[in-house]
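> Each chain, written out:
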Amino acid sequence: MGISKSYEEINQKIRDGDVVVVTAEEIVELVREKGEEKVVKEVDVVTTGTFGAMCSSGAWLNFGHSDPPIKMQRVWLNDVEAYTGVAAVDAYIGATQLSETQGMEYGGGHVIEDFVRGKEVELRATAYGTDCYPRREVEASITIHDVNQAVLCNPRNAYQRYMAATNSRNETIYTYMGTLLPNYGNVTFSGAGVLSPLHKDPNYETIGVGTRIFLGGAQGYIAWEGTQHNPTKALGTIMVIGDLKEMNSRYLRGCTINRYGTSLYVGLGIPIPILNEKIVRTAAASEDQIKTQLIDYGVPRRDRPVLRDITYAELRSGNAEVNGKEVPVSPLSSFKMAREIAGKLKKWIEGGEFFLSSPVELLPRDTVFKPMKQAAEVPLVKDVMTKPAITAAPEDRIPGAAKLLAERAFNHLPIVDKRGKLLGIVTSWDLAVALGTGKRKLSEIMTKKVIIVAEDEPVDIAARKLEQHNISGLPVIDADKVVKGIITSGDISKLIGRRLK
Amino acid sequence: MNIKILLKYAGEALDKPILSEVIRKTSADINILHAEIDSRKGEILIGVEGPPAEIDKVVKLFEESGVEAEKLEHVVTLDSDVCMDCGACVSLCPTGALSIEEDYSVKLDEDKCILCEVCVPACPVRAIKVKRP
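Those protein sequences? They're chains U and A, same order as listed.
By our numbering, the letter at position 391 of the first sequence is numbered 391, and the numbering carries on one by one without gaps.
By our numbering, the letter at position 21 of the second sequence is numbered 1021, and the numbering carries on one by one without gaps.
Simulated from the structure, these hints should not be mistaken for laboratory data.
Simulated pairs of lysine-lysine, BS3-like, Cα-Cα distance not exceeding 30 Å: (1) A:Lys1107 - U:Lys291; (2) U:Lys336 - A:Lys1129; (3) U:Lys347 - A:Lys1107; (4) U:Lys34 - U:Lys347; (5) U:Lys119 - A:Lys1129; (6) A:Lys1107 - U:Lys336; (7) A:Lys1107 - U:Lys325; (8) U:Lys325 - A:Lys1112; (9) A:Lys1131 - U:Lys119; (10) U:Lys448 - U:Lys382; (11) U:Lys38 - U:Lys5; (12) A:Lys1107 - U:Lys344; (13) A:Lys1112 - U:Lys336; (14) U:Lys336 - A:Lys1131.
Please take these sequences and the hints and turn them into a complete structure.
Here is the structure:
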């Protein structure tokens, strides 16, 4: 029978100064060398760490009362709105809320970092005024020392692992997984892999409500399972809480994800007590055993295509194979910082500054993450498009095409081959410009790089493409590139008209 | 030695094949990194690789032909106090100028940088700066 230890025994060792702590990276080698049985006897705690953008983060603040007092209806901190739909002077500043003056350059994450740095933050609040709270406006310059409570309270942090991202489209896309180059040009991933806190105790044998953790450079706690906690798919998350006043801006960094928005890099580490052999086994998982999926973010749907399984070891190597080609990989979370956090937590425990807490409740192991219950199915492009599209052949003459578009009051003429496959597009503007230039055939004036949409994509995707490329119509194609119709901004306006009725 | 030189063309210099003349007269390798030229003036950013004496010769040759040539140093910088070593930039860099080191810190090799600036907005904490003269 194997050895088993209790939280109290480990805490006593911390008090006595003879606790043995290793990081989640070090234990991999140690178990390989000595075996689980020996390690469970020798090691008491394994420390983990992660440092990545965690959008579901924010802080509760209590500003205290002004005189005369105000019941804040809306409040801004450095022009970033905080949620104050609670009591008079409580507010929640969320990491992804954007500045009303600086847009994506500054957001809630930056406000939190500025508070932690001790900087002055401009507070502005408005209200409707009541008998007890007559004031309608207040402005003040405050620091973290001026507020009563500043509590970091993040509903979803420390994803056990995360999907790796790439992009099949022929254009660069800007996502919460960073900038994704065209034609599978790069891969990005997130998560600390071998140091990932939740992946080192994937069965939640030790991690639960009340577990004391490293949070933003201070001691914090796990408050609950995180939102979207999905342990059955190895996508567990935690809700965490801690005193912002104690935290360190080295481990809480406001950030801008290019053309996506703002967020907060959160430094978080969990100590895993080595209570028995089973816990050693999972804590000693190496990066070639930690798998995730490589996902095509070029498809903007809830269920994006999975290209293949991929290990953190491959991602960490700096290159990954996508469709037979080696492409560069960007980690979005800092492994260097994750290491620092696991190391710091180790030092705290060894130095008797940090004691383990036995969880009050373990986290659920069987919940799943459900999709949104939608009132109506989103209409697809094929439901809205104009069909069949009037098309022409590349050898057709320009004057004839101009006449056709004028008669039918169309502006877009897809050019197709004999089987109906898309070759290019000619717009009424192209025709107007071409008349009188001596050009004769449509092939001479057609645009060959055509922005298209597939017939079974949601209308929202067509609308986004029209807006992004500043165009008014898109040919709709099937899987064989055969033109099935045209969707125009007019078709989409009509749809919205119907929805409003 | 590898250095970037900003060439400023104006007036008569615009009509002459100065760059090819310089290339013929030097053993240094010249790489055009960025160019903007219209009918009145032009700017070309070149990377020059060769021994220091040869680089000085390149500068001299341009200046003798009426092109202003300015050696640029530290045009692109990675502020290590600001950088979190996340690595978001590394897969976007077309030349490998940004890389992850053994100890997982992010490193910038200025010599390899062609100033495409793709990394600049992709850095979540704005640690990479390009200062064009």
